[in-house]
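Undergrad: Sequence:
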Amino acid sequence: RRVNALEYIMIPDYQENIKYITMKLDENERGNITRLMKVKDMMIAQQFQTKQ
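The opening position of the sequence shown corresponds to residue 1 in the working numbering, with each subsequent residue numbered one higher.
Please keep in mind that the hints were generated in silico from the structure rather than gathered at the bench. On a predicted model such as this, the values are computed, not experimentally measured, just so you know. Virtual Cβ for every residue (Gly too), placed ideally from N, Cα, C. Some hints here could point you the wrong way.
[Unchecked claim] Keeping only pairs whose Cα atoms sit at most 27 Å apart, straight-line, the calculated DSS-like set for lysine-lysine is:
#1 Lys40 <-> Lys24
#2 Lys51 <-> Lys40
#3 Lys24 <-> Lys38
#4 Lys19 <-> Lys40
[Stated by the list, open to error] Have a look at the derived ranges for each label pair, beta carbon to beta carbon:
#5 Ala45 <-> Thr22: 29 to 37 Å
#6 Ile9 <-> Ala45: 48 to 56 Å
#7 Met37 <-> Asn17: 26 to 34 Å
#8 Ile9 <-> Gln47: 53 to 61 Å
#9 Ile21 <-> Lys51: 42 to 50 Å
Starting from the given sequences, assemble the full structure and let the hints guide the process.
TA: In structure tokens form, the structure reads like this:
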């Protein structure tokens, strides 16, 4: 009975938690990349303006 509880309740719950955490980490990483690209564009624009 304990094996059934592990197999059908605990393990699927943990797998779902792992998928959720992985999704959130990927989402945060995409946000960081987008933010870095925006900052880089702003720095390039600022350098271009100071040269003129």
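Undergrad: Regarding the pair Lys51 and Lys40, is the alpha-carbon distance no greater than 27 Å?
TA: Holds, at about 17 Å.
Undergrad: Check the hint pairing Lys40 with Lys24 against an upper bound of 27 Å on the C-alpha distance.
TA: Holds - the C-alpha atoms of Lys24 and Lys40 are around 24 Å apart, at most 27 Å.
Undergrad: Is the hinted pair Lys24 and Lys38 satisfied, with a Cα-Cα distance of at most 27 Å?
TA: holds (21 Å)
Undergrad: Confirm or reject the claim that Ile9 and Gln47 have a C-beta distance inside 53 to 61 Å.
TA: holds (58 Å)
Undergrad: For the hint 42 to 50 Å, verify it against the beta carbon of Ile21 and that of Lys51.
TA: holds (45 Å)
Undergrad: Verify the proposed pairing of Lys19 with Lys40, using a straight-line Cα cut of 27 Å.
TA: violated (32 Å)
Undergrad: Do Ile9 and Ala45 keep their Cβ atoms within the hinted range of 48 to 56 Å?
TA: holds (55 Å)
Undergrad: If I claimed the Cβ atoms of Met37 and Asn17 lie 26 to 34 Å apart, would that claim hold in this structure?
TA: Holds - the Cβ-Cβ distance for Met37 and Asn17, about 31 Å, lies within 26 to 34 Å.
Undergrad: Taking 29 to 37 Å as the hint, is the beta-carbon distance of Ala45 and Thr22 inside that range?
TA: holds (35 Å)
Consistency with the previously given hints fails for number 4 only.
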